[in-house]
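K.L.:
Its first residue numbered 1, the sequence shown is counted upward by one per residue in UniProt numbering.
Calculated directly from the structure, the hints in this document are not laboratory data.
Fair warning: there could be bad hints in the mix.
To be verified - When the alpha-carbon atoms are kept at most 25 Å apart in a straight line, the in silico SDA-like pairs for lysine to any residue are as follows: (1) 75 with 97; (2) 75 with 181; (3) 75 with 101; (4) 75 with 184; (5) 75 with 57; (6) 75 with 85; (7) 75 with 303; (8) 75 with 191; (9) 75 with 183; (10) 75 with 202.
What the hints assert, rightly or not - Simulated restraints on C-beta separations: (11) 269 with 193: 34 to 40 Å; (12) 46 with 303: 27 to 33 Å; (13) 210 with 243: 48 to 54 Å; (14) 43 with 243: 51 to 57 Å; (15) 198 with 89: 34 to 40 Å; (16) 76 with 51: 25 to 31 Å; (17) 275 with 303: 17 to 23 Å; (18) 30 with 191: 39 to 45 Å.
For each residue, glycine too, the CB sits at the ideal point set by N, CA and C.
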Amino acid sequence: MLAGRMPEPAAPVPSPLASLTAGRQIARNVLVVLAVVGVLYLVWLLRTPLGWLVLATFLAVAMSGPVNLLSRFMKRGLAIATAYLGLMLVPVLLALIVIPPFVNQGTELVEDFPGYARDIEQFVSENETLQDLDDKYDVVAKLQEEAEKLPARVGDAATLLSDLGLGLVNSGFALFNILILSIFLVSSGPAWAARVVQMQPEHRRDRLDRTLRRMADAVGNYIGGALLQATVAAVLTYVVLRILGIPFAAPLAIIVGAFDLIPLIGATIGAVVVALVTLFIDFPTATIVWVIWSVIYQQLENNVIQPQIQKRAVDIHPFVVIMAVLCGSTLFGVLGALLAIPVAASMQIALLEYLQFRRESRLLAALAPLPLPEEPEAPQPPRGTLANA
(Lines of atoms letter the chains of each structure in order from A; the text may use other names.)
(Lines give C-alpha, C1' and ligand atoms only; values in the text may rest on other atoms or scores of the structure.)
Protein backbone atom coordinates (compact mmCIF):
# COMPACT_ATOMS: atom_id res chain seq x y z
CA MET A 1 0.00 0.00 0.00
CA LEU A 2 2.87 2.37 0.71
CA ALA A 3 4.37 1.63 -2.65
CA GLY A 4 1.18 2.59 -4.44
CA ARG A 5 0.61 5.89 -2.61
CA MET A 6 0.61 8.98 -4.86
CA PRO A 7 3.24 11.60 -3.97
CA GLU A 8 1.92 14.89 -2.56
CA PRO A 9 2.28 17.90 -4.88
CA ALA A 10 5.00 20.30 -3.89
CA ALA A 11 4.00 23.78 -2.66
CA PRO A 12 4.38 26.44 -5.34
CA VAL A 13 7.49 28.52 -4.95
CA PRO A 14 6.77 32.26 -5.28
CA SER A 15 8.60 33.86 -8.10
CA PRO A 16 11.13 36.62 -7.34
CA LEU A 17 9.05 39.06 -9.40
CA ALA A 18 5.89 38.44 -7.31
CA SER A 19 7.84 38.84 -4.07
CA LEU A 20 9.32 42.10 -5.31
CA THR A 21 5.87 43.43 -6.31
CA ALA A 22 4.37 42.57 -2.91
CA GLY A 23 7.27 44.24 -1.13
CA ARG A 24 6.82 47.38 -3.21
CA GLN A 25 3.09 47.47 -2.43
CA ILE A 26 3.74 47.17 1.31
CA ALA A 27 6.39 49.88 1.17
CA ARG A 28 4.03 52.15 -0.79
CA ASN A 29 1.25 51.70 1.78
CA VAL A 30 3.63 52.45 4.63
CA LEU A 31 4.87 55.59 2.88
CA VAL A 32 1.30 56.78 2.26
CA VAL A 33 0.42 56.34 5.94
CA LEU A 34 3.57 58.17 7.02
CA ALA A 35 2.85 60.97 4.55
CA VAL A 36 -0.70 61.41 5.88
CA VAL A 37 0.53 61.47 9.47
CA GLY A 38 3.23 63.98 8.53
CA VAL A 39 0.74 66.26 6.79
CA LEU A 40 -1.64 66.16 9.76
CA TYR A 41 1.20 66.93 12.15
CA LEU A 42 2.32 69.83 9.94
CA VAL A 43 -1.22 71.20 9.86
CA TRP A 44 -1.33 70.97 13.66
CA LEU A 45 1.93 72.90 13.94
CA LEU A 46 0.67 75.55 11.51
CA ARG A 47 -2.83 75.75 12.97
CA THR A 48 -2.43 79.39 14.01
CA PRO A 49 -1.43 80.86 10.60
CA LEU A 50 -3.86 78.50 8.85
CA GLY A 51 -6.63 79.78 11.12
CA TRP A 52 -5.63 83.33 10.23
CA LEU A 53 -5.81 82.40 6.56
CA VAL A 54 -9.33 80.98 6.98
CA LEU A 55 -10.48 84.15 8.75
CA ALA A 56 -8.80 86.32 6.12
CA THR A 57 -10.55 84.41 3.34
CA PHE A 58 -13.91 84.77 5.08
CA LEU A 59 -13.29 88.49 5.60
CA ALA A 60 -12.14 88.94 2.00
CA VAL A 61 -15.31 87.35 0.65
CA ALA A 62 -17.39 89.54 2.97
CA MET A 63 -15.56 92.70 1.88
CA SER A 64 -15.66 91.91 -1.83
CA GLY A 65 -19.22 93.27 -2.05
CA PRO A 66 -18.43 96.76 -0.69
CA VAL A 67 -15.18 96.84 -2.65
CA ASN A 68 -16.92 95.98 -5.92
CA LEU A 69 -19.57 98.61 -5.20
CA LEU A 70 -16.99 101.31 -4.52
CA SER A 71 -14.99 100.24 -7.58
CA ARG A 72 -17.76 101.63 -9.78
CA PHE A 73 -16.93 105.16 -8.62
CA MET A 74 -13.17 104.98 -8.01
CA LYS A 75 -10.08 102.91 -8.73
CA ARG A 76 -10.02 99.46 -7.18
CA GLY A 77 -7.00 100.20 -4.98
CA LEU A 78 -8.70 103.27 -3.52
CA ALA A 79 -11.93 101.31 -3.12
CA ILE A 80 -10.11 98.61 -1.11
CA ALA A 81 -8.46 101.22 1.11
CA THR A 82 -11.76 103.02 1.72
CA ALA A 83 -13.68 99.83 2.52
CA TYR A 84 -11.09 98.53 4.99
CA LEU A 85 -10.69 101.94 6.63
CA GLY A 86 -14.44 101.96 7.25
CA LEU A 87 -14.22 98.42 8.61
CA MET A 88 -11.53 99.41 11.11
CA LEU A 89 -13.48 102.48 12.24
CA VAL A 90 -16.56 100.41 13.14
CA PRO A 91 -15.15 98.82 16.36
CA VAL A 92 -13.64 102.16 17.38
CA LEU A 93 -16.99 103.91 17.10
CA LEU A 94 -18.76 101.07 18.93
CA ALA A 95 -16.21 101.22 21.74
CA LEU A 96 -16.69 104.97 22.07
CA ILE A 97 -20.44 104.43 22.37
CA VAL A 98 -20.41 101.43 24.71
CA ILE A 99 -17.44 101.76 27.06
CA PRO A 100 -17.79 105.27 28.63
CA PRO A 101 -21.41 104.85 29.87
CA PHE A 102 -20.65 101.48 31.42
CA VAL A 103 -17.51 102.75 33.10
CA ASN A 104 -19.42 105.67 34.61
CA GLN A 105 -22.36 103.56 35.68
CA GLY A 106 -20.05 100.89 37.07
CA THR A 107 -18.25 103.47 39.17
CA GLU A 108 -21.53 104.85 40.48
CA LEU A 109 -22.73 101.32 41.24
CA VAL A 110 -19.63 100.59 43.29
CA GLU A 111 -20.02 103.85 45.20
CA ASP A 112 -23.73 103.27 45.84
CA PHE A 113 -23.43 99.61 46.77
CA PRO A 114 -23.19 100.29 50.54
CA GLY A 115 -26.49 102.16 50.26
CA TYR A 116 -28.03 99.15 48.50
CA ALA A 117 -26.79 96.98 51.35
CA ARG A 118 -28.44 99.28 53.93
CA ASP A 119 -31.71 99.12 51.98
CA ILE A 120 -31.53 95.35 52.05
CA GLU A 121 -30.86 95.42 55.78
CA GLN A 122 -33.91 97.61 56.34
CA PHE A 123 -36.05 95.35 54.15
CA VAL A 124 -34.92 92.27 56.08
CA SER A 125 -35.58 93.91 59.43
CA GLU A 126 -39.19 94.59 58.41
CA ASN A 127 -39.82 90.97 57.38
CA GLU A 128 -40.12 88.37 60.16
CA THR A 129 -39.19 85.38 57.98
CA LEU A 130 -36.11 87.08 56.61
CA GLN A 131 -35.24 88.31 60.10
CA ASP A 132 -35.23 84.74 61.40
CA LEU A 133 -32.94 83.65 58.55
CA ASP A 134 -30.63 86.58 59.24
CA ASP A 135 -30.47 85.70 62.93
CA LYS A 136 -29.38 82.17 62.02
CA TYR A 137 -26.90 82.91 59.23
CA ASP A 138 -25.99 86.60 59.75
CA VAL A 139 -26.42 87.34 56.02
CA VAL A 140 -26.95 91.09 56.29
CA ALA A 141 -23.84 91.67 58.39
CA LYS A 142 -21.69 89.75 55.94
CA LEU A 143 -23.22 91.64 53.01
CA GLN A 144 -22.62 94.97 54.72
CA GLU A 145 -19.03 94.02 55.42
CA GLU A 146 -18.38 93.09 51.81
CA ALA A 147 -20.12 96.25 50.61
CA GLU A 148 -17.81 98.41 52.70
CA LYS A 149 -14.80 96.67 51.18
CA LEU A 150 -16.03 97.05 47.60
CA PRO A 151 -14.94 100.67 46.95
CA ALA A 152 -11.43 99.75 48.03
CA ARG A 153 -11.31 97.06 45.36
CA VAL A 154 -11.71 99.47 42.47
CA GLY A 155 -7.94 99.44 42.13
CA ASP A 156 -7.96 95.68 41.68
CA ALA A 157 -10.60 96.06 38.98
CA ALA A 158 -8.43 98.65 37.26
CA THR A 159 -5.51 96.22 37.33
CA LEU A 160 -7.69 93.53 35.83
CA LEU A 161 -8.82 95.90 33.08
CA SER A 162 -5.21 96.84 32.34
CA ASP A 163 -4.28 93.17 32.01
CA LEU A 164 -7.24 92.69 29.69
CA GLY A 165 -6.12 95.67 27.64
CA LEU A 166 -2.63 94.19 27.37
CA GLY A 167 -4.14 90.95 26.08
CA LEU A 168 -6.12 92.90 23.50
CA VAL A 169 -2.98 94.68 22.39
CA ASN A 170 -1.23 91.34 21.94
CA SER A 171 -4.19 90.10 19.91
CA GLY A 172 -3.84 93.14 17.71
CA PHE A 173 -0.86 91.51 16.02
CA ALA A 174 -3.05 88.64 14.88
CA LEU A 175 -5.78 91.04 13.74
CA PHE A 176 -3.22 93.06 11.77
CA ASN A 177 -1.99 89.96 9.96
CA ILE A 178 -5.55 88.85 9.19
CA LEU A 179 -6.34 92.27 7.72
CA ILE A 180 -3.20 92.25 5.57
CA LEU A 181 -3.94 88.74 4.27
CA SER A 182 -7.52 89.75 3.58
CA ILE A 183 -6.44 92.82 1.63
CA PHE A 184 -4.12 90.69 -0.52
CA LEU A 185 -6.94 88.22 -1.15
CA VAL A 186 -9.39 90.96 -2.13
CA SER A 187 -6.90 92.59 -4.50
CA SER A 188 -5.44 89.44 -6.08
CA GLY A 189 -8.03 86.77 -5.31
CA PRO A 190 -10.14 87.22 -8.48
CA ALA A 191 -7.07 86.90 -10.69
CA TRP A 192 -5.93 83.78 -8.83
CA ALA A 193 -9.38 82.23 -9.12
CA ALA A 194 -9.50 82.98 -12.85
CA ARG A 195 -6.07 81.41 -13.29
CA VAL A 196 -7.18 78.24 -11.48
CA VAL A 197 -10.27 78.07 -13.68
CA GLN A 198 -8.19 78.42 -16.84
CA MET A 199 -5.98 75.53 -15.74
CA GLN A 200 -8.95 73.16 -15.84
CA PRO A 201 -10.13 71.27 -18.95
CA GLU A 202 -12.44 73.26 -21.15
CA HIS A 203 -15.57 71.28 -20.27
CA ARG A 204 -15.04 71.98 -16.54
CA ARG A 205 -14.22 75.68 -16.63
CA ASP A 206 -17.73 77.09 -16.70
CA ARG A 207 -18.93 74.80 -13.92
CA LEU A 208 -15.96 75.54 -11.65
CA ASP A 209 -16.33 79.27 -12.24
CA ARG A 210 -20.06 79.08 -11.45
CA THR A 211 -19.36 77.04 -8.31
CA LEU A 212 -16.84 79.56 -6.98
CA ARG A 213 -19.18 82.45 -7.69
CA ARG A 214 -22.10 80.72 -5.96
CA MET A 215 -19.96 79.98 -2.90
CA ALA A 216 -18.81 83.60 -2.71
CA ASP A 217 -22.40 84.82 -3.08
CA ALA A 218 -23.55 82.43 -0.33
CA VAL A 219 -20.93 83.73 2.11
CA GLY A 220 -21.68 87.36 1.26
CA ASN A 221 -25.43 86.84 1.51
CA TYR A 222 -25.07 85.09 4.86
CA ILE A 223 -23.05 87.99 6.26
CA GLY A 224 -25.55 90.50 4.94
CA GLY A 225 -28.45 88.51 6.40
CA ALA A 226 -26.75 88.17 9.78
CA LEU A 227 -26.03 91.90 9.91
CA LEU A 228 -29.63 92.69 8.99
CA GLN A 229 -30.91 90.35 11.70
CA ALA A 230 -28.58 91.89 14.30
CA THR A 231 -29.67 95.38 13.25
CA VAL A 232 -33.34 94.48 13.72
CA ALA A 233 -32.57 93.08 17.19
CA ALA A 234 -30.58 96.18 18.18
CA VAL A 235 -33.23 98.64 16.98
CA LEU A 236 -36.09 96.83 18.73
CA THR A 237 -34.01 96.52 21.91
CA TYR A 238 -33.33 100.25 21.86
CA VAL A 239 -37.04 101.03 21.47
CA VAL A 240 -38.05 98.71 24.34
CA LEU A 241 -35.37 100.04 26.68
CA ARG A 242 -36.33 103.63 25.93
CA ILE A 243 -39.96 102.80 26.73
CA LEU A 244 -38.91 101.19 30.02
CA GLY A 245 -36.75 104.21 30.87
CA ILE A 246 -33.51 102.22 31.15
CA PRO A 247 -30.43 104.49 30.90
CA PHE A 248 -27.72 104.02 28.23
CA ALA A 249 -30.18 102.19 25.98
CA ALA A 250 -27.95 102.68 22.92
CA PRO A 251 -24.91 100.81 24.34
CA LEU A 252 -27.13 97.98 25.54
CA ALA A 253 -28.79 97.77 22.13
CA ILE A 254 -25.37 97.54 20.46
CA ILE A 255 -24.36 94.75 22.85
CA VAL A 256 -27.56 92.83 22.05
CA GLY A 257 -26.95 93.30 18.31
CA ALA A 258 -23.35 92.10 18.61
CA PHE A 259 -24.34 88.98 20.54
CA ASP A 260 -27.18 88.36 18.09
CA LEU A 261 -24.56 87.63 15.42
CA ILE A 262 -23.76 84.38 17.27
CA PRO A 263 -26.18 81.68 16.10
CA LEU A 264 -28.48 79.87 18.54
CA ILE A 265 -27.16 81.28 21.84
CA GLY A 266 -26.21 84.88 21.03
CA ALA A 267 -29.66 86.42 21.52
CA THR A 268 -30.03 84.67 24.88
CA ILE A 269 -26.68 85.97 26.12
CA GLY A 270 -27.56 89.53 25.11
CA ALA A 271 -30.95 89.27 26.84
CA VAL A 272 -29.32 88.05 30.06
CA VAL A 273 -26.88 90.99 30.04
CA VAL A 274 -29.73 93.48 29.73
CA ALA A 275 -31.74 91.67 32.40
CA LEU A 276 -28.83 91.98 34.86
CA VAL A 277 -28.71 95.73 34.20
CA THR A 278 -32.44 96.13 34.81
CA LEU A 279 -32.03 94.50 38.25
CA PHE A 280 -30.22 97.63 39.46
CA ILE A 281 -32.41 100.15 37.62
CA ASP A 282 -36.07 99.23 38.08
CA PHE A 283 -36.60 95.87 39.75
CA PRO A 284 -38.93 94.05 39.41
CA THR A 285 -41.08 95.92 36.86
CA ALA A 286 -38.47 96.55 34.16
CA THR A 287 -36.89 93.14 34.68
CA ILE A 288 -40.17 91.26 34.28
CA VAL A 289 -41.20 93.26 31.22
CA TRP A 290 -37.79 92.77 29.62
CA VAL A 291 -37.76 89.01 30.27
CA ILE A 292 -41.24 88.63 28.75
CA TRP A 293 -40.28 90.74 25.74
CA SER A 294 -36.98 88.90 25.15
CA VAL A 295 -38.69 85.49 25.26
CA ILE A 296 -41.35 86.61 22.79
CA TYR A 297 -38.82 88.25 20.48
CA GLN A 298 -36.50 85.24 20.45
CA GLN A 299 -39.40 83.04 19.39
CA LEU A 300 -40.28 85.57 16.70
CA GLU A 301 -36.68 85.80 15.57
CA ASN A 302 -36.08 82.04 15.49
CA ASN A 303 -39.33 81.22 13.68
CA VAL A 304 -40.01 84.25 11.48
CA ILE A 305 -37.21 86.79 11.12
CA GLN A 306 -34.18 84.52 10.82
CA PRO A 307 -35.79 81.92 8.50
CA GLN A 308 -37.10 84.63 6.18
CA ILE A 309 -33.74 86.41 6.03
CA GLN A 310 -31.56 83.32 5.67
CA LYS A 311 -33.97 81.68 3.20
CA ARG A 312 -33.26 84.53 0.82
CA ALA A 313 -29.59 84.68 1.74
CA VAL A 314 -28.42 81.04 1.97
CA ASP A 315 -30.45 78.14 0.59
CA ILE A 316 -29.61 75.53 3.21
CA HIS A 317 -31.77 73.09 5.21
CA PRO A 318 -32.45 74.05 8.87
CA PHE A 319 -31.20 70.64 10.06
CA VAL A 320 -27.87 71.27 8.34
CA VAL A 321 -27.73 74.74 9.91
CA ILE A 322 -28.21 73.40 13.44
CA MET A 323 -25.74 70.55 13.03
CA ALA A 324 -23.16 72.86 11.43
CA VAL A 325 -23.43 75.36 14.28
CA LEU A 326 -23.22 72.66 16.94
CA CYS A 327 -20.18 71.01 15.34
CA GLY A 328 -18.47 74.33 14.63
CA SER A 329 -19.00 75.63 18.16
CA THR A 330 -17.78 72.35 19.66
CA LEU A 331 -14.60 72.32 17.58
CA PHE A 332 -13.70 76.02 17.42
CA GLY A 333 -15.91 77.81 19.94
CA VAL A 334 -17.69 81.05 19.05
CA LEU A 335 -15.62 81.49 15.91
CA GLY A 336 -16.66 78.06 14.70
CA ALA A 337 -20.31 78.90 15.32
CA LEU A 338 -19.96 82.08 13.25
CA LEU A 339 -18.28 80.32 10.31
CA ALA A 340 -20.31 77.12 10.44
CA ILE A 341 -23.26 78.22 8.30
CA PRO A 342 -21.30 79.77 5.37
CA VAL A 343 -18.90 76.80 5.36
CA ALA A 344 -21.83 74.37 5.30
CA ALA A 345 -23.48 76.36 2.51
CA SER A 346 -20.26 76.31 0.46
CA MET A 347 -19.86 72.55 0.95
CA GLN A 348 -23.49 72.02 -0.08
CA ILE A 349 -23.01 74.08 -3.25
CA ALA A 350 -19.82 72.18 -4.15
CA LEU A 351 -21.50 68.80 -3.57
CA LEU A 352 -24.60 69.68 -5.60
CA GLU A 353 -22.50 70.98 -8.50
CA TYR A 354 -20.39 67.81 -8.47
CA LEU A 355 -23.45 65.55 -8.46
CA GLN A 356 -24.98 67.53 -11.31
CA PHE A 357 -21.73 67.25 -13.24
CA ARG A 358 -21.76 63.46 -12.77
CA ARG A 359 -25.37 63.21 -13.96
CA GLU A 360 -24.67 65.30 -17.04
CA SER A 361 -21.58 63.26 -17.84
CA ARG A 362 -23.55 60.00 -17.63
CA LEU A 363 -26.35 61.45 -19.77
CA LEU A 364 -23.92 62.59 -22.45
CA ALA A 365 -22.26 59.20 -22.42
CA ALA A 366 -25.66 57.48 -22.84
CA LEU A 367 -26.71 59.77 -25.70
CA ALA A 368 -23.42 59.49 -27.55
CA PRO A 369 -23.94 57.85 -31.01
CA LEU A 370 -22.85 54.25 -31.18
CA PRO A 371 -20.07 53.43 -33.65
CA LEU A 372 -21.43 52.05 -36.93
CA PRO A 373 -20.52 48.43 -37.71
CA GLU A 374 -17.92 48.04 -40.39
CA GLU A 375 -19.27 46.78 -43.72
CA PRO A 376 -17.76 43.49 -44.88
CA GLU A 377 -15.41 43.80 -47.77
CA ALA A 378 -16.54 42.38 -51.09
CA PRO A 379 -14.73 39.16 -52.05
CA GLN A 380 -11.92 39.77 -54.45
CA PRO A 381 -11.71 37.56 -57.57
CA PRO A 382 -8.68 35.35 -57.85
CA ARG A 383 -5.72 36.87 -59.53
CA GLY A 384 -5.58 36.21 -63.19
CA THR A 385 -9.29 35.53 -63.63
CA LEU A 386 -9.97 38.61 -65.71
CA ALA A 387 -6.86 38.06 -67.68
CA ASN A 388 -7.82 34.48 -68.49
CA ALA A 389 -11.31 35.66 -69.48
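K.L.:
Give a verdict on every hint.
P.N.:
How the hints compare with the structure:
1. 75 with 97: This hinted pair is violated, its Cα atoms lying about 33 Å apart.
2. 75 with 181: holds (20 Å)
3. 75 with 101: violated (40 Å)
4. 75 with 184: holds (16 Å)
5. 75 with 57: Given that 25 Å is the threshold and the Cα spacing comes to 22 Å, the pair holds.
6. 75 with 85: holds (15 Å)
7. 75 with 303: violated (43 Å)
8. 75 with 191: holds (16 Å)
9. 75 with 183: Judged against 25 Å, a Cα distance of about 15 Å means the pair holds.
10. 75 with 202: violated (32 Å)
11. 269 with 193: 34 to 40 Å: holds (37 Å)
12. 46 with 303: 27 to 33 Å: violated (42 Å)
13. 210 with 243: 48 to 54 Å: holds (49 Å)
14. 43 with 243: 51 to 57 Å: holds (52 Å)
15. 198 with 89: 34 to 40 Å: For residue 198 and residue 89 the Cβ distance comes to about 38 Å; the hint holds.
16. 76 with 51: 25 to 31 Å: holds (28 Å)
17. 275 with 303: 17 to 23 Å: For residue 275 and residue 303 the Cβ distance comes to about 22 Å; the hint holds.
18. 30 with 191: 39 to 45 Å: holds (41 Å)
Violated hints, in rising order: 1, 3, 7, 10, 12; the structure is consistent with all others.
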